[in-house]
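Novice: Residue 391 in numbering that gives the first Met the number 0 is what sits at position 392 of the sequence shown, and the numbering runs on without skipping anything.
Mixed in with the good hints there might be a few duds.
Distance condition first, Cα-Cα at most 27 Å in a straight line; then the derived DSSO-like pairs of lysine-lysine [said to hold, decoys possible]:
| hint | residue 1 | residue 2 |
| --- | --- | --- |
| 1 | Lys536 | Lys490 |
| 2 | Lys536 | Lys468 |
| 3 | Lys290 | Lys29 |
| 4 | Lys595 | Lys455 |
| 5 | Lys544 | Lys187 |
| 6 | Lys7 | Lys269 |
| 7 | Lys551 | Lys490 |
| 8 | Lys19 | Lys120 |
| 9 | Lys544 | Lys442 |
| 10 | Lys551 | Lys491 |
| 11 | Lys226 | Lys187 |
| 12 | Lys51 | Lys29 |
| 13 | Lys468 | Lys491 |
| 14 | Lys41 | Lys51 |
| 15 | Lys562 | Lys593 |
| 16 | Lys176 | Lys187 |
| 17 | Lys528 | Lys455 |
| 18 | Lys528 | Lys500 |
| 19 | Lys490 | Lys562 |
| 20 | Lys442 | Lys468 |
| 21 | Lys29 | Lys442 |
| 22 | Lys349 | Lys388 |
| 23 | Lys551 | Lys593 |
| 24 | Lys120 | Lys187 |
| 25 | Lys424 | Lys388 |
With beta-carbon atoms standing in for the labels, derived distance ranges [what the hints assert, rightly or not]:
| hint | residue 1 | residue 2 | range |
| --- | --- | --- | --- |
| 26 | Ile116 | Gly254 | 28 to 36 Å |
| 27 | Asn324 | Asp63 | 54 to 62 Å |
| 28 | Gln118 | Gly367 | 32 to 40 Å |
| 29 | Tyr591 | His165 | 42 to 50 Å |
| 30 | Lys595 | Ser47 | 42 to 50 Å |
| 31 | Gly367 | Leu576 | 52 to 60 Å |
| 32 | Leu576 | Arg510 | 51 to 59 Å |
| 33 | Arg510 | Gln43 | 41 to 49 Å |
| 34 | Ile291 | Gly367 | 31 to 39 Å |
Read the hints as simulated data drawn from the structure, not as lab findings. Ideal placement from N, C-alpha and C gives every residue a C-beta, glycine not left out.
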Amino acid sequence: MRDCLSIKPFYIQTVYDQYKLEGKYQVNRKYQRKLVWTIDEKRQFIDSITKKYPIPLILVALQDDKFEIIDGMQRLNAIFSFIEGEFGLYSNSDGEECFFDLATMPTTNELVDDQKIRQRKPVLDRSLCREIANYELPFSVASFNDKSKIEDIFKRINSNGRHLSHHELRQAGALGKFPDLVRTLSAKIRRDSSPCDKLSLAQMKEISLSNKKLSYGINLFEVFWVKQNIIPIYNMRLSRDEEVVAYILVYIILGHSINPSKSNLDNFYKFSPKNSDDRRLSTLIENQITKIGVDSIDKSFNKVFNELERLLKETDKSFQELVFNDKPVGLVRSFQVIYLAFYELLVREKMKITDYNRLLNSLEGIGGLYLSDIDSNKWCGKFRDQKIKAISGVIRGNFEQNDCPEDPSLNSWVVQFENLLRQSKIEQPTFDFKIGLCRLDNKADFLKKTFDKVIKTLTSMANIGPQRKGYVLIGVADNDEDAEKFTEIYKKSYSTYQNHKITGVDEEAKRSFNELSTYFERLRNLVEKQPIESYTKEYILQNMKLINYYDKSILVFEIMSTKEPLLYDEKYFVRKLSSVIEVRPAEFGDLYEKFKQI
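With the hints as extra help, turn the sequences into a complete structure.
Specialist: This is the structure we're talking about:
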């Protein structure tokens, strides 16, 4: 099939049907920016449509019978959000906010009847809503044999810099392990990471960043960088947080010999496998990442960030207030220095924090003493290195040698765990939660059948399709009733994150097995005896872990699909929403067909 391009108009009601009924619109997070329009920006765009003003071309690429959005994601999201009542238009008469009349279109009318969306009142005049529904959106539909052309087009149409920030232009279409690491680690910190790079536009809503409290998405005021007064909201919309992560990663991967300058950062993003040259910075960092390993870098980065975030939760002060009191200077650079001082002690020297409160006291006002000139033109690799050594020297007394750095009970996994909880909203079939593996009563007997079901559920998740990861998290209640019963039986409170009730497995482990380590080993032994194939068994054992979420231990089981479906007890199962369904022999052909594309 040859590359082709067609320009055609689509009525808004047709586009909404494609979005809601067919899931036609996809977003590739490798190059697409976040959903960042404010309600006011969305409202202004809808107002232009009511005035019948022309709007820019919406550019999509036809991929596997889906429309991958190249340009126009914010506009499409504004239209769908308006139709579904996220915001309304202000009446000219009395300034009252009025909402789209859902009885205007057959699809929305039916969705109201099925109670899938709700009509907000007061409603706009029906005739105006009809005009909006019949507005023709200009579409450019492209089809390419070479998928890399989509990223190239995205970068070219934004290359004048008016649409994307400097860093978004770096990231758009960038190849290599380094850009991927920056993007994925930044998303984890924001808590907007996703199970895969391609998401439907509807799924993007759940991980959108908003400075207004909506019923979905991520409140920007709660994002680490904003909450700690390191990066203001405006700069978050320009992906300033990803620049900070990129500078830190360069240090972790290449050491302190590279100057942390914008021009050097630009060069790190210019990797091309067709033109790899050892003299180029992009080739240098790609080669080093290959030597160290992506997983190792990811683990080191998260270890330090987890400790810093945990530390800051122990105080009622933000990073800015703690480090500088009332006279902040160069907060982005200051954070880099303090993060890297922690990195030197926790990772390079393999130490651990001994006293969080004493460490907080050491950091109190440290910026005024050692970082007051950090915003000067002296900033370079050597200058930053001096500052790192100064800060690590001050705080070193609050660390000691860690004799058991790989102890799973010490594995602080706050960032990763919270991202998994959020991702479960996007891909429900690949996540399952259980409050525990013991009977929820005063006897707390171990339930082997429950454990067997966990392993069966993992195989069913892997059978959803190729290149899929699945998780079962033990120590998270799947309903409020169980969480309250846990509190009643164990006399312990649970934690809450994103409406999830987190109980941990510590209490049932103590009651049934005396200690957590015995509980963990018992489960590993049971995995060995499960009626599953050797690959499945090996993967589960290698990746099962106990993680520490503040004062609670969570048991994590993980699975990854292979080149063919996985068996459990000589049968195939598949996960559909929250149910595990056995695959009948007549359906084996369809099951195997899913895996042919690997």
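Novice: Evaluate each hint against the coordinates.
Specialist: Hints versus structure:
Distance hint between Lys536 and Lys490 is unfulfilled; the C-alpha atoms sit about 36 Å from each other, more than 27 Å. Pair hint Lys536 plus Lys468 holds up; C-alpha atoms about 15 Å apart against a cutoff of 27 Å. As the CA atoms of Lys290 and Lys29 are separated by approximately 24 Å, the hinted pair is consistent with the 27 Å bound. For the hint linking Lys595 to Lys455, the alpha-carbon distance of about 23 Å falls within 27 Å, and the restraint holds.
A hinted pair counts as satisfied when its Cα atoms are at most 27 Å apart, and Lys544 with Lys187 qualifies at roughly 19 Å. Of the pairs offered as hints, the one joining Lys7 and Lys269 is violated, with about 35 Å between alpha carbons and a cut-off of 27 Å exceeded. For a cut-off of 27 Å, the pair hint linking Lys551 to Lys490 stands: about 14 Å separates their Cα positions. Pair hint Lys19 plus Lys120 holds up; C-alpha atoms about 22 Å apart against a cutoff of 27 Å.
Pair hint Lys544 plus Lys442 holds up; C-alpha atoms about 26 Å apart against a cutoff of 27 Å. Pair hint Lys551 plus Lys491 holds up; C-alpha atoms about 11 Å apart against a cutoff of 27 Å. A C-alpha spacing of about 15 Å is found between Lys226 and Lys187, which places the hinted pair at or below 27 Å, so the restraint holds. For a cut-off of 27 Å, the pair hint linking Lys51 to Lys29 is broken: about 34 Å separates their Cα positions.
Under the criterion of a C-alpha separation no larger than 27 Å, the hint pairing Lys468 with Lys491 is inconsistent with the structure, at around 32 Å. A hinted pair counts as satisfied when its Cα atoms are at most 27 Å apart, and Lys41 with Lys51 qualifies at roughly 16 Å. The straight-line distance between the Cα atoms of Lys562 and Lys593 is roughly 10 Å, inside the 27 Å bound, and the hint therefore holds. Taken as a hint, the Lys176 and Lys187 pair is honoured in the structure, with Cα atoms around 16 Å apart against an allowance of 27 Å.
For the hint linking Lys528 to Lys455, the alpha-carbon distance of about 13 Å falls within 27 Å, and the restraint holds. For the given pair, Lys528 sits about 31 Å from Lys500 by alpha-carbon distance, which is inconsistent with the 27 Å threshold. This hinted pair does not check out: Lys490 and Lys562 have alpha carbons roughly 46 Å apart, beyond 27 Å. Straight-line distance between C-alpha atoms of Lys442 and Lys468 comes to about 34 Å, which puts the hinted pair past the 27 Å bound.
Under the criterion of a C-alpha separation no larger than 27 Å, the hint pairing Lys29 with Lys442 is inconsistent with the structure, at around 50 Å. Between Lys349 and Lys388 the CA atoms are separated by roughly 16 Å; this keeps the pair inside 27 Å, and the hint holds. The suggested pairing of Lys551 with Lys593 is violated, with an alpha-carbon distance near 38 Å, which exceeds 27 Å. A threshold of 27 Å between alpha carbons decides the hint, and for Lys120 with Lys187 the separation of about 37 Å lies outside it, so the pair is violated.
A distance of roughly 43 Å separates the Cα atoms of Lys424 and Lys388; the hinted pair therefore is violated under the 27 Å criterion. Remark: the range hint 28 to 36 Å for Ile116 to Gly254 is contradicted by a beta-carbon distance near 54 Å. Against the hinted window of 54 to 62 Å, the Cβ-Cβ separation of Asn324 and Asp63 comes to about 55 Å, which satisfies the hint. For the pair Gln118 and Gly367, the supplied restraint of 32 to 40 Å is violated, since their beta-carbon distance comes to about 56 Å.
In this structure, Tyr591 and His165 meet the distance hint of 42 to 50 Å, their C-beta atoms being roughly 47 Å apart. Between Lys595 and Ser47 the beta carbons are some 46 Å apart, a value that agrees with the proposed interval 42 to 50 Å. Take Gly367 and Leu576: their Cβ atoms lie about 54 Å apart, and the range 52 to 60 Å holds. Distance hint check for Leu576 and Arg510: the Cβ-Cβ separation is about 33 Å, which falls outside the suggested range of 51 to 59 Å.
With their beta carbons about 59 Å apart, Arg510 and Gln43 fall outside the hinted range of 41 to 49 Å. Evaluation of the 31 to 39 Å hint for Ile291 and Gly367 yields a pass: the beta carbon distance comes to about 36 Å.
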